[in-house]
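Participant: Sequences listed follow chains S and R, in order. Read in order, the letters of the first sequence are residues 1 to 350 in the UniProt record's numbering. Read in order, the letters of the second sequence are residues 1 to 350 in the UniProt record's numbering.
Please note that a few of the clues may not be correct.
Copies of the same chain look alike in the list, so a pair counts if it fits in one copy or across any two.
Only pairs whose alpha carbons sit at most 25 Å apart, straight line, appear in this in silico BS3-like list of lysine-lysine [unchecked claim]:
| # | residue 1 | residue 2 |
| --- | --- | --- |
| 1 | K51 | K266 |
| 2 | K5 | K124 |
| 3 | K340 | K350 |
| 4 | K136 | K321 |
| 5 | K5 | K225 |
| 6 | K42 | K266 |
| 7 | K231 | K20 |
Bear in mind the hints are in silico, worked out from the structure with no lab data behind them. It should be emphasised that the depicted structure is a prediction, and the values quoted were computed from it without experimental measurement.
Protein chains: 2
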Amino acid sequence: MSWEKNVRRVEPYVAGEQPKREGVIKLNTNECPYPPSPEVGKIQEEMDYGKLRLYPDMHAEKLVHALADYYHVKPEQVFVGVGSDDVLAMAFMTFFYGDKPILFPDITYSFYNVWAEVFRIPYKVCALDSDFRIRKEDYLRSNGGIVIPNPNAPTGVLEDVSLFEEIIAENPDSVVIVDEAYVDFGGTSMIPLINQYDNLMVVQTFSKSRAMAGARIGFAIGNEKLIHYLKDVKFSFNSYTMNMPAIEMGTAAVLDDAYFKEMIGKIVKTREWTKEQLKRLGFSFADSKANFLFVSHEKVPAKDIFLALKANNIYVRHWDKERISNYLRITIGTDEQMEKLVAFLENYLK
Amino acid sequence: MSWEKNVRRVEPYVAGEQPKREGVIKLNTNECPYPPSPEVGKIQEEMDYGKLRLYPDMHAEKLVHALADYYHVKPEQVFVGVGSDDVLAMAFMTFFYGDKPILFPDITYSFYNVWAEVFRIPYKVCALDSDFRIRKEDYLRSNGGIVIPNPNAPTGVLEDVSLFEEIIAENPDSVVIVDEAYVDFGGTSMIPLINQYDNLMVVQTFSKSRAMAGARIGFAIGNEKLIHYLKDVKFSFNSYTMNMPAIEMGTAAVLDDAYFKEMIGKIVKTREWTKEQLKRLGFSFADSKANFLFVSHEKVPAKDIFLALKANNIYVRHWDKERISNYLRITIGTDEQMEKLVAFLENYLK
Numbered sequence: 001m002s003w004e005k006n007v008r009r010v011e012p013y014v015a016g017e018q019p020k021r022e023g024v025i026k027l028n029t030n031e032c033p034y035p036p037s038p039e040v041g042k043i044q045e046e047m048d049y050g051k052l053r054l055y056p057d058m059h060a061e062k063l064v065h066a067l068a069d070y071y072h073v074k075p076e077q078v079f080v081g082v083g084s085d086d087v088l089a090m091a092f093m094t095f096f097y098g099d100k101p102i103l104f105p106d107i108t109y110s111f112y113n114v115w116a117e118v119f120r121i122p123y124k125v126c127a128l129d130s131d132f133r134i135r136k137e138d139y140l141r142s143n144g145g146i147v148i149p150n151p152n153a154p155t156g157v158l159e160d161v162s163l164f165e166e167i168i169a170e171n172p173d174s175v176v177i178v179d180e181a182y183v184d185f186g187g188t189s190m191i192p193l194i195n196q197y198d199n200l201m202v203v204q205t206f207s208k209s210r211a212m213a214g215a216r217i218g219f220a221i222g223n224e225k226l227i228h229y230l231k232d233v234k235f236s237f238n239s240y241t242m243n244m245p246a247i248e249m250g251t252a253a254v255l256d257d258a259y260f261k262e263m264i265g266k267i268v269k270t271r272e273w274t275k276e277q278l279k280r281l282g283f284s285f286a287d288s289k290a291n292f293l294f295v296s297h298e299k300v301p302a303k304d305i306f307l308a309l310k311a312n313n314i315y316v317r318h319w320d321k322e323r324i325s326n327y328l329r330i331t332i333g334t335d336e337q338m339e340k341l342v343a344f345l346e347n348y349l350k
Numbered sequence: 001m002s003w004e005k006n007v008r009r010v011e012p013y014v015a016g017e018q019p020k021r022e023g024v025i026k027l028n029t030n031e032c033p034y035p036p037s038p039e040v041g042k043i044q045e046e047m048d049y050g051k052l053r054l055y056p057d058m059h060a061e062k063l064v065h066a067l068a069d070y071y072h073v074k075p076e077q078v079f080v081g082v083g084s085d086d087v088l089a090m091a092f093m094t095f096f097y098g099d100k101p102i103l104f105p106d107i108t109y110s111f112y113n114v115w116a117e118v119f120r121i122p123y124k125v126c127a128l129d130s131d132f133r134i135r136k137e138d139y140l141r142s143n144g145g146i147v148i149p150n151p152n153a154p155t156g157v158l159e160d161v162s163l164f165e166e167i168i169a170e171n172p173d174s175v176v177i178v179d180e181a182y183v184d185f186g187g188t189s190m191i192p193l194i195n196q197y198d199n200l201m202v203v204q205t206f207s208k209s210r211a212m213a214g215a216r217i218g219f220a221i222g223n224e225k226l227i228h229y230l231k232d233v234k235f236s237f238n239s240y241t242m243n244m245p246a247i248e249m250g251t252a253a254v255l256d257d258a259y260f261k262e263m264i265g266k267i268v269k270t271r272e273w274t275k276e277q278l279k280r281l282g283f284s285f286a287d288s289k290a291n292f293l294f295v296s297h298e299k300v301p302a303k304d305i306f307l308a309l310k311a312n313n314i315y316v317r318h319w320d321k322e323r324i325s326n327y328l329r330i331t332i333g334t335d336e337q338m339e340k341l342v343a344f345l346e347n348y349l350k
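Put together the whole structure using the sequences plus the hints.
Facilitator: This is the structure:
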């Protein structure tokens, strides 16, 4: 007998490697290659560290209002959390509390099944077609909830808003979470539809397009009733999650829209250049609208390329998983980083 | 039919008021009246906001190592989280997964029953005696886990380490969580006993004695196996919770021990002065070893005093709850703040 019999045992999620040494070209966790807005830097300098003695604003009102203004919604329609993982985990706890299985794609963000397991939520995965596209009919059967990223990860494939709208409209008895972590790089957000569909929750993050993975900020936008339920669960858990620096610096980032758009423009340009180069080198891939490419080479196995890149201090992501083991996910870095990647591959694949 | 039938509905926790206007004497949430170490301020200035583009170190190694060194334990025996609420919530999820009820005092931190309810953990509350002391025998019966603060909150009463040691030794089949949020103000930590008892987990926070409520940092110390289980659950939930500013500034706070001790010395001195004054004014209270007093007046109902103080911009905490409705919890502020409190009460109680 021992206390261990009362322990909840789980398989921990394995995240992408975070090499600590300098000189690595890090294209494995979809971070932004550029720093956040200089306005964020200003706030860092101006912040009064003495105020850290006080609890932060548990409603993070400053940040919530900035987001509400930016997306033309009401503050009561915005929920913020410690990265979109926090927001999504709370949403799984809150909205997927029925007996029917929730649905998500077989190839998708790898935390969905982890949360389903830790919260004991039944789930079914729906196979993407051979072009990594969603088969709409899979989501039109009985279910306890739906979560799909758009663009999807790690494929980068963007589906049309109309496809999602049909899924949402056909599922009035389920909350449909659209995970828009990568939408800013070329997709169309579903946020404008939240007043039309009360079962729609859109999730976004500051970790990619807003270049603030280190600040841990994610958010959800949905109708007020839905956001209210989410807040009730969150406040039963931990009232004060967003710390003062995250609230202050996150707000500054939202307010500097010109910088945000400029940075995204650069990443999209680099992505399109990288697509051409990789095609030329014999890679194939579904068209990506995210800040990464999901590529497969016509001759050389993905794992070999992955290891060769790693040995040369270029980190990309590879999964030893069914259907995707011959693919690499390559984050779009700076022009210089992508030129180095292409130069290495050019030589390696010769 | 609607998506609402699948919603987990909870009673949200109600935290102490956080008045936003200036000029309030805020003695209601046990914050530290002094700023964090000037070293924290230096780190704030020196931090490279450009690094926010990267994910933070998910293991928060810098902070974990600083804490391990400070408390003379191994880094593998330390777990950090977003405030002690995050650490405690994860611990409830991880260790209280059996069928037997967990035990905690009837008068205690008000989040324990909230977590038990949200995670569907059966629980029994054990009544403190009339002096607000723990009755040891209550914790020597069959249970699925135990959580007790020492000093207890909101009473401020400190129990001897030997009492806890007996409870821990007699419960080898349960994890015993000792919540030491307030231990630095005059208690003795149980951390040195973690190698002796593998079912002991000690939780502390940066929100009180380390003056960093706004940074959201809490931690647990226990044997390696126990910390390992806790990490597995945490990493299934959200890998990256501690943001870069929290890791950097938290580490700086731990390293400046001289400042930490000086600040605590000041608070303890103010607390002892306040005790004398309140006694003189007709208040009675169990002796507090925390950074607050839990007081009752011989003639005037607590609620009347609470409202009178509030009307005069002095915020203290009052609960309309059985057994404690005639008590006020008063955080120890600066000398000046406590003098103002005493002056007001002197006049009000005349």
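Participant: Each hint needs a verdict: does it hold in this structure or not?
Facilitator: Hint check results:
In this homomeric assembly, K51 and K266 come within 25 Å of each other (Cα to Cα) only across copies, at 19 Å, whereas the closest approach inside a single copy is 37 Å. Taking the closest pair of Cα atoms, K5 and K124 come within 25 Å of each other only across two copies (20 Å); inside a single copy the shortest separation is 29 Å, beyond that limit. In this assembly of identical chains, the alpha carbons of K340 and K350 lie at most 25 Å apart only when taken from the same copy (16 Å versus 80 Å across copies). Taking the shortest Cα distances, K136 and K321 sit within 25 Å of each other inside one copy (24 Å), while across copies they are farther apart (53 Å).
In this homomeric assembly, K5 and K225 come within 25 Å of each other (Cα to Cα) only across copies, at 13 Å, whereas the closest approach inside a single copy is 39 Å. In the homo-oligomer, the alpha carbons of K42 and K266 lie at most 25 Å apart inside one protomer (23 Å), although the nearest pairing across protomers, at 34 Å, exceeds that limit. In this assembly of identical chains, the alpha carbons of K231 and K20 lie at most 25 Å apart only when taken from different copies (21 Å versus 36 Å within one copy).
When held up to the earlier numbered hints, the structure conflicts with none and fits them all.
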